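Undergrad: The lines below spell out each chain.
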Amino acid sequence: MEQQPSRASHIATFALVTAVLMALSGSFRLWDHHSSLALAKYGVGTLLCLTLALCAGFSARRSGTWQITAMGSAAVLPLVLISDWVTRPYGFYPGLAVRGEILLLTLGSFLVLRRLPHLLSVLALLAPIFLGWWFFSYVGTRQLVSDDHSSVFFRLQLLKDNFPNIPHYLPLWNGGIEWRDFFGTGILNLYLLFWPLIEAWPLEQSYTLLVALVAFAVLPLSVYCGARMLDLDRLAGSCAAILSLCFSLVWYRWVLKYGAMGFVTSAALVPAVFCLSARFIERRGKLSLLSCLTVVILGSLALCWPLMALFFIPLLLVAAPNMIQLLRRWQFWTVLCLLMMINLPWGVLFWKVSKVDKFITLGEEGDALSGHGQEIGQIPDPDQHWDTALAASSNKSINFKAGVRKLREAASSTNPLVFVFALPGLALLGGRRVRSVFILMMLEGVLLGAAVSQLKPQYELERMMMLACLLLCVPAGAAIAELLRRCASEGARPGERMLGALTIACLVCGIFVSAWISQNRSYERFGLNSASSAKLAKLIRENAATGRIAFTGFVLHELDGGHIAPLVFSTGKPLLTAAPTHSRWSYTELVPEEYKSRGIPGIEEYFELMNVSVVAAHEADWRGLLDAHPESYLPLGAAGAFTLYKRVRWQPSYFLSGSGAVLSQDSGGLVVRMDSAEAVLKFNYLPFLKSSACALSPAKVGASAVLIRVTACTPGAEISIRAGKPWERLL
Amino acid sequence: MGRGWIIGIVVCLVGATAFVLATLFGLAYAFYVSSPYPDSGFLLNEISSGGLFTIVNKYSNAYLAWRLNPLWVAVWNGYGQEVVASLMLGFVASGGYLVARTIRAPQSSTAELWPAVWGIAGSAAIPILFGLDTIVIAAFCWLPLFIFVLLRAESKSGMVLPILILSTLLALDADQFALPLALGGVALALAMGRSVSIWFAVTVPALRAFWIDTAEFPDYPPSAHVVPGYNTSEGLYSLLGPESPIPILDRSYIRELASHTGMMLLVLAILGMLVERRLLKRSFWSVVPSAVLVLAVCLLLDGSLVPPLYSQIAPLASISRLLPGLSLYPLAVIVSVGGVLLASIWLGSSAPTRLAPLWSLGALFIIALLGVSNFSNYPVMTAQGRQDLLKRGGLAPSAEFISPSLFIASQQGSDLAAINRPYSFGSLKEYAADITVSQNQSLASNLVDGDPKTTWYPYGGQFGVEWIQIALPELLPIDGIRLDPGAYRTDFPRGLKISAGLSCGSLELVYFSPDWQGEILFTPKGFPYFGEQSRVTVKLSAPHPVRCIRIEQMGNSPRFNWNVAEIELSVRKS
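Each protein sequence line maps, in turn, to chains R and X. Each number in this note's numbering corresponds to the 1-based position in the first sequence with 174 added. Each number in this note's numbering corresponds to the 1-based position in the second sequence with 85 added.
Just so you know, not all the hints are guaranteed correct.
Claimed, not checked - Taking CB as the label site, the calculated pair distances span:
| id | chain 1 | residue 1 | chain 2 | residue 2 | range |
| --- | --- | --- | --- | --- | --- |
| 1 | R | Ser704 | X | Pro537 | 29 to 39 Å |
| 2 | X | Gln524 | R | Arg316 | 51 to 61 Å |
| 3 | X | Leu390 | R | His207 | 25 to 35 Å |
| 4 | X | Asp534 | R | Leu629 | 40 to 50 Å |
| 5 | R | Pro370 | X | Gly611 | 50 to 60 Å |
| 6 | R | Leu513 | X | Thr299 | 10 to 20 Å |
| 7 | R | Asp407 | X | Thr299 | 56 to 66 Å |
| 8 | X | Pro537 | R | Ser771 | 40 to 50 Å |
| 9 | R | Asp407 | X | Gly447 | 55 to 65 Å |
| 10 | X | Gly611 | R | Arg316 | 25 to 35 Å |
| 11 | X | Tyr395 | R | Asp407 | 39 to 49 Å |
| 12 | R | Leu629 | X | Leu394 | 36 to 46 Å |
| 13 | R | Ala802 | X | Asp534 | 37 to 47 Å |
| 14 | X | Leu390 | R | Trp375 | 51 to 61 Å |
No lab work stands behind these hints: they were computed from the structure. These numbers were taken from a predicted model, which means no experiment stands behind them. Note that the Cβ used here is the ideal one computed from N, Cα and C, for glycine as well.
This is chain X alone, in the form it adopts within the complex:
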């Protein structure tokens, strides 16, 4: 038996081991996070016979239709989604191992383990950092193997069929991400000096871009919104393919994620370049660390370090608009995962050097740090808090939540179901209430004069110190408050806090919204959405017996006043 055969057998054994270990890790992770109900990074509807399901991501609020290849559908139906995701992670690990050892062949059998370890680490980093998200894992499960066959393409003419098979698998499972991922893989192979036919490698993924499934959106009215706007609506469109009728992605989460993972990848890339130059005596601009650097820069340009106005013309935002279907899911997540995988591949490929373990440990530390941050309330995963809220509210994943309304559902928790009912608002004038305000007391009578043209307003803008206090002459069961801004539709409160109690000396918090988005309304089928921000109506889930109400403006907006024309109360008499 020749040396080549021995190496081949060793590679197969190590690759299989990496596959098994990564799969086992995936299963363990899935079981760890699946209590009391499947609690991965997404909620999803029942899978259809064609492998199609609608899915909403708990972190980014992305809502889209996703289709898996029939093989995965069979496994899914037989063993459940956790097994599918775990097996996919296994492919990521074994693929990562093969790519790493192809970039730089290990010098000894012991060194053969390093790429495998980093292959497993790279695949394990995905659920730890980004949740057990079917979209992310399915998008990446074939990519390392695809890159592997591209890298082998020059030396082996028999790679035509594997390239075709893997590009087809990529197209089937990565859906709209197949084309950008295939292009990325081809670019990597070309940069490494392989002569790959671009047309051949990307044709099937490119064709996939023309058949993107579209999720059915609830019939929100045009004025509805389900996530905060952040004043960046201009760049939120798609030039091609399906587009959500209203903005649905939680941009603050995406921008935070992009900036944090961007920083992490930037550090890894610079470390990698230094190692390549100083320790391995190669070019500073070697391919894989440079690719990680490019991805890091792209993420940083899309992140919170750049003002939203300018991040619209950053590469990730532009690619999202250019390629079909990419605007439906945050590309920052895909690029982050790609960067982490590339970094792990580079770490695996640099293992044979003497000092590589040191650098590997350093990188491991950074990844672990971010992993830990995922479980704490570190800002990277602010949406984790949303997930917890949903759980605390005792809300099981039902149809209303497998929709872009998930953001609102997770904010409101169990209160949401209780406020989907009619309220009867009446003028405060009926109750002869004693009203005191933070400023402009002389205008306080305008709040109850029944004339929408006359308003109360504090002086010069909103600074978070404005308040209105209402002392009622009798005990009333209040379950809603409306603060009509009259004709001044832009002068709504930017943040709102309402306290109520039996006396003005002992008030309890009944409502808090530091970022007022509008009244929560429901579509005819029960999907919640925010109405116009100028409709300042607060609905409480249950009536509070009160004699005193204090309404505080919490936001900051120096250019806009807080105008209130009339105060109305909803009194729920049983």
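In isolation and in its complexed conformation, chain R is listed as follows:
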């Protein structure tokens, strides 16, 4: 018969979990964060709780009943709910009033406690649908565009048009640039995961659905599968899956507001990969072929966001002592070979074309990349120009206080259920190695997020703490399930039942809070496309003719809060801007200084060089300058923050010398009809460009522009100019 944990064990667990929460919380105040009644300050509360935990723990150990109990942890919940944890700005909960909802749901849960284990399994299935419904009831047919969403949409469209020929030449932006940020941003995982959907439907209709699928379906499914792979039962998996849907406000910040979908997709897959890998190590490589293939496929998708590799270090550390046994297994070699076969080619290509080494050393002395250090061509590359501002923000050493502050900020925005139940949940995970992996992962998350992030701000490693919390949903789910089984049993006391009901109320309330966040009502507001962006696209379509449209400077969030990149698709016109995605950390001009310094004549010369027909400006100084020269710039109208001007003296031609016509330009290259044997095209030259018929070479124009010189052509011939195949570049 299973031994019941002693009262001392409950007390010790209660004190231990309270100590952890107090340490994570800093000042643990009563009722709300304005309250002057602090339950713990200067670590006194934490120390007292730790002392109590030690005393009770020793007492329980002496009597042989020492256990970390889910019930003891659950007893912390009332303390959390009357504390300021639920009222902090940027916390997970919407405010102090949420206590009412939790009380109400506690009453409801108490009434149906016996049936809750069954109901929770149903809820795990219904919660994603519920969240998806409310999300789309708010979003409707609009598209997510805030911050990186627009860039992600753009990248997916490029992948849809060009995959597998990536990186490729993109003539639609900035007179032709190399587009290669598929690797660094990890967007390939989203594309590959939803390839049929992306190919079957127009992306503008399916994009928001993809985001919702990752947030509300892939994540809970991954967590559920992860829990099941660790031999936890269905109830534990369901609890973990539900918890994963409401584990943190920061998760929804990254999904809905920032739109870092490469990272988000990778993070959503990590629980399944991580748990399966932990099982792989626990069983010393004894896995079925199907499981091995799952590790390879999901692992490869997760590793599409390269930094995710850091998260697998604990697995290697725990596996190291058993490496010899692992080496004897065919499963190990199968997984290793397949992983290398899939990931090595693109990894090497990524390393080669993206200049990863420079990015990694950014912030170290002498290694900061300049904003104008272009190697070829005047137009900036999307990934290459990390501004000195970013480099300057990195520290040379780790500040302990700043680290603690980062940790506490991350903890505040996390659902307290994760912290309350993670500790007893870890004890419930089967296998010493699995527990070790989880503990190391947790420590690594804190180390990377709170400490290393100060040294390398360009990685935004703070999100590693969020990832650690996400993975803790698995043990926390196990502990909640254990608690629920005990509370729903015949012998449960009213107090225990009440704690069980309260826990489930917090869990269910979390789903409501997630629905609240997904309806754009939290602090983390996300943006959707609006009428003003449609108006801008219409204005451009109607006035651009065959020329390019120049945006006078860096457009950060002026277009519905997102980046400007996808405007080339909605207008069907080639555009110019300082950077189409967020690759600048401070304002940058489009027109190079050598032209701008000469005033209107210089600016006109540059616009003519780039075949600009319409100029769009959102900056007051640029608008003032263009308004002051009506003889050169005719106002066409305004849309949102932008005012459009028609160039009066525009000479429509993409040929700087020679003659011919640009027949088409799309996201993969351009088709030109040559009427002369030689010509210089107003497109940037890049060394990997290939022509179907003529010879291509660089033509330097001015101090910085390097355009395409086409030679050895047959007049009247149509030639296409595209990037060479990726394997050619690799080899």
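For chain R, the structure is supplied; the task is to place chain X on it using the hints.
TA: This is chain X only, laid out in the frame that chain R set:
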């Protein structure tokens, strides 16, 4: 013919009679209150073909889209809204009668009349207490019948179809309230020992909660407000479903309503429990009085007896946030109506006892008291005064008022249309006015020095005794006054009274606002709203020829000074 048939015929006859009488009462009431224009508890836009209309409640300032089932829409289009509301009241009465006699079957044919009388009384109490409000009446018209079929469900297996039909009707007419009402009905049936399938009974109302119509709001700017804030903005959100972009419910009305009806129901519940225990020799905690008690406690927790900070976590506020669409209409009204109906059902079911008429009369007295209070200026229905103001102002229900701006419209009356025009404010410095102030006379020159950084302020907070008096050297037609607080944006007057006249000895009141909410501004489409409270600009509807102006601060706010940096006047020269 067996006894069962006779009882069945009697029940049908009595039920039909209750239906007819309640309908007739509803019609009479509607005609009584419908002069000079339909003056029920709401204003509404034209009903659409799908039965959808936007509606604003004159009492609570609730503004929402409401949809009726097609049958009601046909009646509405044919005979008018009063007939629809009256027929709905008829269903409430007959349903109430059936529920009451199901809870406790009458022992004789004469006793059969008691549940019917109380069914009619319960339905009549709704318009008397809460106005002829389509939302309330439509929400409740099917509920008693729904509860009736739930209570019969155990004994009659053929009740599956009626439950389905009535839950569907409930979902169609009660809109967002269908789910909480259905849950309440099921809880009542379960508490009475009936074995009802919760899932079966609430599925259709639950699905209805996912399709809630949203009203189109005027394009108020983010800083706008249309009702006083009462410092409770934190709990005024909705976790699911439609949400108003700015707070629109008049919380003071809701809190007063909740506390008064809560008290009334509390008295009724305790009376009921005592009757059950002492006279009927049953459990003190019998189901219906206990349910009334629960509703009464919920109302009291939502009412003015509990500070707003804590009533945010009270059950009604929490349910309003949890269930879709409930934050758009005061749940206190729905719960109050539910409590009154339950109380009337209990009174009807307890009629066969000897002393029941006595208790019934007592309860009737309490309801009548509140009914009377509705027609007086008793605080329960403070919004009644607003309705009268609207009428006195000669304002017909037009588009601007079928909006959350109704609160402002009813406060301002006909003045509102007159102030929707440009004003030209100029500094008082131009007129060499003689300014005297209640305190700090040495700083009075700051009021006209043209420097927004220098201000006049009385000592230590606002206590309702501060004033500024301006004596003008010439007669000026003034139609607006601006009191700029400068950089001290929180130091606006909490209440404002402005008197003006031809001399400082004979002043007349031209403006009075005991609770300053901000300048009245208008959206491009003409919907009025309050601007920021720090913009202290008073617009008068017509110019007043004055030589002396006295501005008095009426509010009480010890923590905040009244700061005035500059005084500006709008002089309207014809």
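Undergrad: Taking the hints in turn, state whether each one holds.
TA: Hints, one by one, checked against the model:
R/Ser704 and X/Pro537 have their C-beta atoms about 36 Å apart, which keeps the hinted 29 to 39 Å range intact. Distance hint check for X/Gln524 and R/Arg316: the Cβ-Cβ separation is about 56 Å, which falls inside the suggested range of 51 to 61 Å. Between X/Leu390 and R/His207 the beta carbons are some 27 Å apart, a value that agrees with the proposed interval 25 to 35 Å. Taking 40 to 50 Å as the suggested C-beta distance range, the pair X/Asp534 and R/Leu629 does not conform, at roughly 56 Å.
Distance hint for R/Pro370 and X/Gly611: a CB-CB separation of about 52 Å, consistent with the stated range 50 to 60 Å. Here the CB-CB span from R/Leu513 to X/Thr299 is close to 50 Å, at odds with the stated 10 to 20 Å. Checked against the given bound of 56 to 66 Å, the beta carbons of R/Asp407 and X/Thr299, roughly 42 Å apart, lie outside it. As the Cβ distance of X/Pro537 to R/Ser771 is approximately 41 Å, the hint placing it in 40 to 50 Å holds.
Roughly 59 Å separates the CB atoms of R/Asp407 and X/Gly447, a value that falls within the hinted 55 to 65 Å. Between X/Gly611 and R/Arg316 the beta carbon distance is about 28 Å. The supplied range of 25 to 35 Å therefore holds. Taking 39 to 49 Å as the suggested C-beta distance range, the pair X/Tyr395 and R/Asp407 conforms, at roughly 41 Å. Checked against the given bound of 36 to 46 Å, the beta carbons of R/Leu629 and X/Leu394, roughly 44 Å apart, stay inside it.
Look at R/Ala802 against X/Asp534: about 38 Å separates their beta carbons, and that is inside 37 to 47 Å. For the pair X/Leu390 and R/Trp375, the supplied restraint of 51 to 61 Å holds, since their beta-carbon distance comes to about 57 Å.
Hint violations for this structure: numbers 4, 6 and 7, all remaining hints satisfied.
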